[in-house]
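*Asks:* Sequence:
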Amino acid sequence: MNKLIIYSLLGLFMTGCSSSGHQAAADAHAAAPASAKQLNASEINSTVIGRQHSSVTSTGYPFSETLNPDGTAVINISGESTQKGNWVITKDVICVSYQKYGKECNKVLSDGNSFWFVDSTTNKTNNKFSVK
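Under mature numbering (1 follows the signal peptide of the UniProt record, and there is no 0), residues -24 to -1, 1 to 108 are what the sequence shown spells out, in order.
Take these hints with a grain of salt, some might be off.
In silico lysine-lysine, DSBU-like type, Cα no more than 30 Å apart, as pairs [stated by the list, open to error]: (1) Lys67 with Lys100; (2) Lys79 with Lys100; (3) Lys76 with Lys100; (4) Lys83 with Lys13; (5) Lys76 with Lys60; (6) Lys13 with Lys67; (7) Lys79 with Lys60; (8) Lys67 with Lys79; (9) Lys60 with Lys13; (10) Lys67 with Lys83; (11) Lys79 with Lys13; (12) Lys100 with Lys60; (13) Lys83 with Lys100.
Keep in mind that the hints were calculated from the coordinates and are not lab data. Bear in mind that the values here come from a model prediction, so they are computed numbers and not experimental data.
Between the sequences and the hints, there should be enough to build the whole structure, so can you do that?
*Replies:* Pasting the structure below:
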């Protein structure tokens, strides 16, 4: 009987952990609010570049990324080794490339508190970021 209770509680605990990770991932990849403004190249530079920002991968792993003023990029995904890459802004789109993860080109939207990387081709949200 005690084993049944322990396994039941363990199952509930694991379900709670799993669903909260899925919710964080869903929130990080949800569309930006209608009030969010698309940033131009100058605004991307002042909002994103040189500042560490954080989010959650689509599979629920927290990560932080810094796009340095010299065009280099560093990403730290929980449970993985640090990856280095590069970035470039062309018109009002920022493209970030990592050998391990490939290249991603995004429009940047902001509501003043958070910003969203939105795929420049598909218009799907790649990530919602908070700035540290």
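*Asks:* Given the hinted pair lysine 83 and lysine 13, is their alpha-carbon gap at most 30 Å?
*Replies:* Holds. Lysine 83 to lysine 13 sits at ~10 Å (cutoff 30 Å).
*Asks:* Against the 30 Å threshold, does the CA-CA distance of lysine 79 and lysine 60 hold or violate the hint?
*Replies:* holds (12 Å)
*Asks:* Does the alpha-carbon distance linking lysine 67 and lysine 79 stay inside the 30 Å limit?
*Replies:* Measuring from Cα to Cα gives roughly 17 Å; hence the hint holds.
*Asks:* Checking one constraint from the list: CA of lysine 67 to CA of lysine 100, max 30 Å. Satisfied?
*Replies:* holds (19 Å)
*Asks:* Given the hinted pair lysine 13 and lysine 67, is their alpha-carbon gap at most 30 Å?
*Replies:* Roughly 16 Å separates the two Cα atoms, so the pair holds.
*Asks:* For the pair supplied as a hint, lysine 79 and lysine 100, is the alpha-carbon distance within the 30 Å limit?
*Replies:* Holds, at about 15 Å.
*Asks:* Given the hinted pair lysine 76 and lysine 60, is their alpha-carbon gap at most 30 Å?
*Replies:* holds (9 Å)
*Asks:* Mind checking the alpha carbons of lysine 79 and lysine 13 for me, to see if they're no more than 30 Å apart?
*Replies:* holds (24 Å)
*Asks:* Are the Cα positions of lysine 100 and lysine 60 separated by 30 Å at most?
*Replies:* Holds, at roughly 24 Å.
*Asks:* Is the Cα-Cα distance between lysine 83 and lysine 100 30 Å or less?
*Replies:* Satisfied, since the Cα-Cα distance of roughly 10 Å is no more than 30 Å.
*Asks:* Can the restraint linking lysine 60 and lysine 13 be considered satisfied, given a maximum Cα separation of 30 Å?
*Replies:* holds (29 Å)
*Asks:* Are the Cα positions of lysine 76 and lysine 100 separated by 30 Å at most?
*Replies:* holds (21 Å)
No hint from the list above goes unmet by this structure.
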